[in-house]
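*Asks:* Sequence:
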Amino acid sequence: MNAFLSKPFDVTEAVALILSLVKLPTAAVIASTQTTDAAADAQQSCTALPGLALDQGLAIWRKPDLYCQYLQRFAHDYADSAQIIANAEPEAARQLAHKLKGTAGNMGLLEVAEQASRLERHLAEGGDSSVEPLQTAITTALESIARYVQATVAVIVPSEAEE
1 MNAFLSKPFD
11 VTEAVALILS
21 LVKLPTAAVI
31 ASTQTTDAAA
41 DAQQSCTALP
51 GLALDQGLAI
61 WRKPDLYCQY
71 LQRFAHDYAD
81 SAQIIANAEP
91 EAARQLAHKL
101 KGTAGNMGLL
111 EVAEQASRLE
121 RHLAEGGDSS
131 VEPLQTAITT
141 ALESIARYVQ
151 ATVAVIVPSE
161 AEE
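Taking UniProt numbering, I'd label the letters of the sequence shown as residues 1 to 163.
If you're looking for bench data, these hints aren't it; they were derived computationally from the structure. Quick caveat, the model's predicted, so the values are computed rather than measured. Errors might be hidden in some of the hints.
[Said to hold, decoys possible] Below, a list of computed lysine to aspartate or glutamate pairs in the EDC-like style, where the Cα atoms sit at most 16 angstroms apart:
(1) Lys99 - Glu114
(2) Lys99 - Glu111
(3) Lys99 - Asp65
(4) Lys63 - Glu91
Start from the sequences, fold in the hints, and give me the full structure.
*Replies:* Next comes the structure, spelled out in C-alpha cells:
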C-alpha cells in the first residue's frame with residue numbers, strides 16, 4: 001500500500017494522489033484531453049438538464065466520457081429502483097434508498113439523492129414511505145441523462161473517428 005484515504009475524502013486530493021501513483025502514457029493523456037474538450041462542448045449545449053448537476057458530476061468524475069458511461073449505467077441499473085423500494089420490506093427498502101442516495105449524489109443527480117434521502121429517513125422513522133416523489137425525480141433524471149448522453153456521444157464519436 002502506498003497511501004491512505006479516509007472517508008469522507010476530498011476528491012481533488014484523491015485524484016492528485018492517484019495521478020501521482022499512476023503514470024499515464026502520453027497518447028492516453030492526449031486522447032483524454034481531446035475527449036474532454038469535445039464533451040465540454042456537449043456540456044455547454046446541455047445547460048438546462050433538470051435533475052442533473054453537470055458541474056458537480058464532472059467535478060467528481062473529471063472525464064466526461066467516463067461520466068457519460070456511468071450515467072448510462074445508472075440509468076440501466078436504477079431506472080426501476082423506486083418500484084423495487086416500494087415492493088421491499090421496510091429495512092431492505094431503507095437500505096436500497098440509502099444506496100440510491102449515495103450513488104445519485106456521486107452522479108450529480110441531486111433531486112434523486114434528496115428524494116432517496118427523504119425516503120430513507122421516513123422508512124427509518126416508520127413514516128410515509130411513498131415512492132412517488134422519488135419516481136418523479138428518477139424519471140426527470142433519466143430524461144436528462146438521455147439528452148446529455150445523446151449530446152455527448154454526438155460530439156465525442158466524430159472526434160474519435162478523426163484519429
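*Asks:* Out of the numbered hints, which ones does the structure contradict?
*Replies:* Going through the list in order, the structure violates hints 3, 4 and respects the others.
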